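Peer 1: Can you make the complete structure from the sequences, with help from the hints?
Chains as they are written, first to last, in numbering that gives the first Met the number 0: chain W, 0 to 262; chain B, 0 to 79.
None of these hints come from the bench; they were simulated from the model.
Because the structure is a prediction, the values reported are computed rather than measured.
Positions of the beta carbon are idealized from the N, C-alpha and C atoms, including for glycine.
Among the hints, erroneous ones may be present.
[Said to hold, decoys possible] Covered stretches of chain B, as calculated for chain W (at least 3 residues, CB under 8 angstroms):
id, segment
1, 10-21
2, 57-71
[As the list claims (entries may be wrong)] Derived list of chain W stretches under chain B, where covered just means 3 residues or more per stretch with a C-beta under 8 angstroms from a C-beta of chain B:
id, segment
3, 79-93
4, 155-165
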Amino acid sequence: MKGLAVDARGVFAKLNPAHSDGVIALAGNPNTGKSTVFNGLTGLNQHTGNWPGKTVVLAKGNYRYKSKLITLVDLPGTYSLLANSADEQVARDFICFGKPDATVVVVDATCLERNLNLALQVMEMTPKVILCVNLIDEAKRKKIEIDCPKLAELLGVPVVPTAAREKVGLDKLKEAIHQMVFAHQQTRPRPVRYNQEIEAAVAKIQPELEPYLRGKIDARWVALRLLDGDTTIITEIKKYLRVENVEKAPREQGELKVVKCYK
Amino acid sequence: MGDPEMTLACLPIGHRAQVVKVGAEGLTRNRLLDLGLVPSTVVEAVRKSPAGDPVAYKIRGAIIALRSEESRLVTVRPLA
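Peer 2: Right, here's the structure in full:
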């Protein structure tokens, strides 16, 4: 897959204007009401823009809460962040290199199972995640009850139920974002543990990557992507972080055939 | 039990089956797994497009269209 045509750090600067107090990324599967959450939070204070070099539309908007100006970036709706498509790559690169102050993952309460894949993927990249369980009213109609405190405990990140169409829960979501960005609330996302073969390979690669990444990106996450055979991540790391020779670090790449394990 | 395994592409409309194996490699494999096609997932063939391909499948609460080049890589066991 081709990389971004323009130095995206300029794009990120535009997405994160100096007068904004915090930048929040909004991620989610298609049809979860992500854009309704976005519209509900930002009102009319938004505009859309193309990601340079790609036909992927990103919407950006602002809102003020407790005198802080928050910029919200609505990422493309995706099932995954493994960069299988331009949409997924843009979403991944923004969360990874755009360094948002928090990422809100909007999930559909009526089929949580399908949506948690993306939430877990985001939690592997950054601990600053808030889960927004949207369409909670529709779930109730379908006799589905979501135990949000239990979900928060299991995932290790804040969980906020919303019905964005009815404007229910949006204030709680703003408060959760505020707590994470300005009160530096700590999360403890429970990491996904893979099988022994994969974990052994990660244990070898991760320490070799750390000096190159210098804490800018989660080294475990990069190690997992390399085991996936994803080479786009190397190109992007070099471009955004100006890290040289990162491809020389992981000697395991290609030597191991790893079958992704969801169990 | 005695049901023979088949590819998802062969599953008739209106029938349900359980995923046994995803035979694809690389990006296609990732994509199918991300769509929820992991072993033991129950899939239902919902409808065919006018040309017969792609076919819409109900997978874990969402309707997803797959082309036969993808669906024939998925091995399923039909459910009664």
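Peer 1: Would you mind marking each hint as holding or not holding in the structure?
Peer 2: Going down the list of hints, with the structure as the test:
1. 10-21: violated (count 0)
2. 57-71: holds (count 4)
3. 79-93: The restraint on the segment 79-93 of chain W holds, since 3 of its residues have a Cβ under 8 angstroms from chain B and three suffice.
4. 155-165: With 0 residues closer than 8 angstroms to chain B, the segment 155-165 of chain W misses the three-residue bar; violated.
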